[in-house]
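Chains as they are written, first to last, in the numbering used here: chain A, -7 to 107; chain B, 612 to 726.
I should point out that these hints are in silico values taken from the structure, not numbers from a laboratory. Note that the Cβ used here is the ideal one computed from N, Cα and C, for glycine as well. Check each hint, because a few of them may be wrong.
[What the hints assert, rightly or not] So these bits of chain A aren't anywhere near chain B, every CB distance computed over 12 angstroms:
1) -4
2) 9
3) 93
4) 105
[What the hints assert, rightly or not] Calculated pairs, BS3-like style, for lysine-lysine (alpha carbon to alpha carbon, straight line, at most 30 angstroms):
5) B:625 - A:41
6) B:675 - A:94
7) B:675 - A:50
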Amino acid sequence: AQSVTQLGSHVSVSEGALVLLRCNYSSSVPPYLFWYVQYPNQGLQLLLKYTSAATLVKGINGFEAEFKKSETSFHLTKPSAHMSDAAEYFCAVTRGAFGNEKLTFGTGTRLTIIP
Amino acid sequence: GAVVSQHPSRVICKSGTSVKIECRSLDFQATTMFWYRQFPKKSLMLMATSNEGSKATYEQGVEKDKFLINHASLTLSTLTVTSAHPEDSSFYICSARVPGENEQFFGPGTRLTVL
């Protein structure tokens, strides 16, 4: 079975400060990992994904994440927070094979940006 | 990028009635679609995997007879909530997988309120 744990259901950072959202995974096979962002009353938008290529993955809106196998982590970062980054962020894992593999989501982290 | 739409975006119905939610992949053919349910301030819970031309695969604890899923074409999957009750009120999100890819593209969600 696979799972992800997002530490911190709420994170607040000042505008312009570093954003760090934590995600740890558990998987018996090499995982594929994803970060999604959800704005209020909207669906999910993919920020970035790790699919066994480069361990440092760059995504949209200035976000990036690093896959660290030794730490079973895939933390999301952004050097300088913007007000528009305020949203709910979900980390997700899948086994990586093609077919009907399902995503397992973390519980989410609500990011608040302080002006 | 791949676009997934959902209709309606919001629906309010009386207890005991049935509600149908449509999920469409607009610019690609999706052999596999997924239906999720999201409770307020909670993560996404996978309800079922919908495969074109075959029966849906339901997750443990999801009532098949209550949440009817039909994937009649490569671009359309429907979720029908039968005999809806207030506890079925939730945000329902679908996603579709591009064939041969691991990424899921999410619809904007449908807010169901059962009175």
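We went through each hint and held it up to the structure:
| no. | hint | result |
| --- | --- | --- |
| 1 | -4 | 10 angstroms, violated |
| 2 | 9 | 24 angstroms, holds |
| 3 | 93 | 7 angstroms, violated |
| 4 | 105 | 18 angstroms, holds |
| 5 | B:625 - A:41 | 41 angstroms, violated |
| 6 | B:675 - A:94 | 18 angstroms, holds |
| 7 | B:675 - A:50 | 40 angstroms, violated |
When the structure is compared with the earlier hints, violations turn up for hints 1, 3, 5, 7 and for no others.
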